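So the protein lines, in turn, are chains R and P. Counted the way the numbering used here counts, the first sequence spans residues 1 to 313. Counted the way the numbering used here counts, the second sequence spans residues 1 to 290.
Be careful, since some hints might not be right.
To be verified - Okay, derived cross-link-like pairs now, SDA-like style, lysine to any residue, Cα gap no bigger than 25 Å in a straight line:
1. R:K139 <-> P:F108
2. P:K197 <-> R:K153
3. R:K130 <-> P:N113
4. R:K153 <-> P:L15
Said to hold, decoys possible - To give a feel for the contact side, a few chain P residues facing chain R, derived at Cβ under 7 Å:
5. S120
6. C156
7. A284
Keep in mind that the hints were calculated from the coordinates and are not lab data. Since we're looking at a predicted model, the values are computed, not measured. In this text, a Cβ means the ideal position worked out from N, Cα and C, and glycines have one as well.
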Amino acid sequence: MGVIELDRLEVRLGGRTVLAGLTGELRGHAIGLLGPNGAGKSTLINTLLGFHEPASGVARVLGLDARVDRMRIRQSVGYMPENDSFIGNMNGVRFVRYMAELAGLPPAEALERAHEALFYVGLGEVRYRKISTYSLGMKQLIKLAQGLAHGPKLLILDEPTNGLDPTARQRMIQLIKDIRKQGATHLLISSHLLRDIDETCDEVLILNKGRIAAISNIEEERRSHRNFIELEMAGSTEGFTKKMQSLGCECASFAGGRVKVVMPDAMSARDLYVTAGEFGVQIRRIQLRRDSLEDIFLRAMEYEGSRVDHVRV
Amino acid sequence: MSVFEHDYRPYDGRLTPLGTRPLVLTRYAMAEAWASKITIGLFIFALLPCVVALVMIYLANNPLARALVMRGGPSLSIDAGFFLHALETQCWFGLVLTSWIAPRLVSFDLGDNALPILLSHPISRFGYLLGKSVALALSLSYVTWIPCLVLFVYQCYSSPQPWTLSHLSLAVGIFGGSWVWIVLLSMVGLAVSAWVKWRVIATGAIFAMVFVPAGVGGIASAILRTKWGLLLNLPVVMSEIWQRMLGAPAVMPERLQLPSFAMAVVLAAACLLCVAVLNVRIRAREVVRG
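Produce the entire structure from the sequences given, and follow the hints as far as they go.
And the structure:
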């Protein structure tokens, strides 16, 4: 069962088609939702939560239909919205407890979990302060705490690092990584920041103009390119490349002594130095290159203009 | 282990039934409403007329005390008119309490954009409004039918004659009349508070919703020389309804009396208008047209 399944999902809002025929299945543990502003990321999240009714097609969350099972979906999901969303005149612990009770926790358990969630996100010391007095970073964290308090199976984070300074951003990213590492909760993280998705997700859904530009398993992409190496060498590289090819590598030479090598899994970087030593050439620079999310994103955006259905990158 | 030493862990404990979630909203809304000293002050102030009414019932049923206190003044009659007066007084205190409490229940949520988070939990928009309405209705009950029925029960207890059985319809009228007013006030209070995010303005707007149409109706009646403008006059409409429900003598001249059906239609239309406003305003996400 996929975490999110989309089958020709179309959403129309205010007379405009915002999501057009999305089809795909996401099974990752941490799923990134990527796309430029206005691509339909927040609309997709709102549809998954049952805030928007699909015009046609089906969206499933954890196997539940977003149109008919919205209460059961909301029971299993924690949601951190993009914009400020809280009750300013409540203190932190009361707010998180309130949300946990709405999610179905009995009052005593909700109180205990509220304290735990606030300590977990780093707001333990300020949990009795009114939320209206919190800084922007704290407000982001309390939204995360309320999304976590009831122990959801899926945590939806809409632009979690929005407006955060570098330190607060790093803290948020670390928290997301921690939650992912715990393994109990799936994550759906919407962002237009490639770096955030790259650091936290193992699968990415790229949206552009309401269509799926690509669904990509970032981990697989990384694995398939893990032995892609760029070398800068001094001396004649001809013998070196021939020898490497005879060892099972794919090699390509370029001007200026640049050589690109894709090594089989059995080989390591040490073999490069050994072979270079044999042919009397120097390796001056070695760069382990992998397909970055940026490459995947840019490639998807290029494809998007010329294709009808989504592509699997 | 202390809570701050806990790591993140999933919750696998008991869950409350889905149908009881609106009561969570009610509980928090009640706490929010009654945390204010002004609410407590208004509540105490609203109960003062009941204390006076209790004393009057005591005097009416106690000839010796009446002779000592009133010294041959006019006799006190505890009848439908007495309870109509008490109900009207309490219900108008209910309006004051609504104008203070209703904006506290909704405006905070809207002002801080809390609806996306609230409605992302397993609670529907209807459940949200139900929870808030129950909180408001409970608060209004404290100053309307509950004190009026306490007066009724005290009169039943104090009356030397077999008074209760012959006046049981009064209790039904008090209860029913109060609930008509409570439902209407709850709808108007929540709709206005949802429409106007600022609490102070919402408080004024709730009064305006009751009295401005009354003025417009009065002008229409005067210009067109008709009684139908009174249908917009909520104080008049409600007085008529309460008077008929309690079986009290008519206050309005016969030519100005309104048909019950027309009054019911006006109240239903007001409620539907409020539902339409709430349907537009109570949403997790606003959809921009165009």
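Right, here's what the structure says about each hint:
{"no.": "1", "hint": "R:K139 <-> P:F108", "verdict": "holds, 16 Å"}
{"no.": "2", "hint": "P:K197 <-> R:K153", "verdict": "violated, 34 Å"}
{"no.": "3", "hint": "R:K130 <-> P:N113", "verdict": "holds, 16 Å"}
{"no.": "4", "hint": "R:K153 <-> P:L15", "verdict": "holds, 15 Å"}
{"no.": "5", "hint": "S120", "verdict": "holds, 4 Å"}
{"no.": "6", "hint": "C156", "verdict": "violated, 39 Å"}
{"no.": "7", "hint": "A284", "verdict": "holds, 4 Å"}
Checked against the numbered hints given earlier, the structure breaks hints 2 and 6 and satisfies all the rest.
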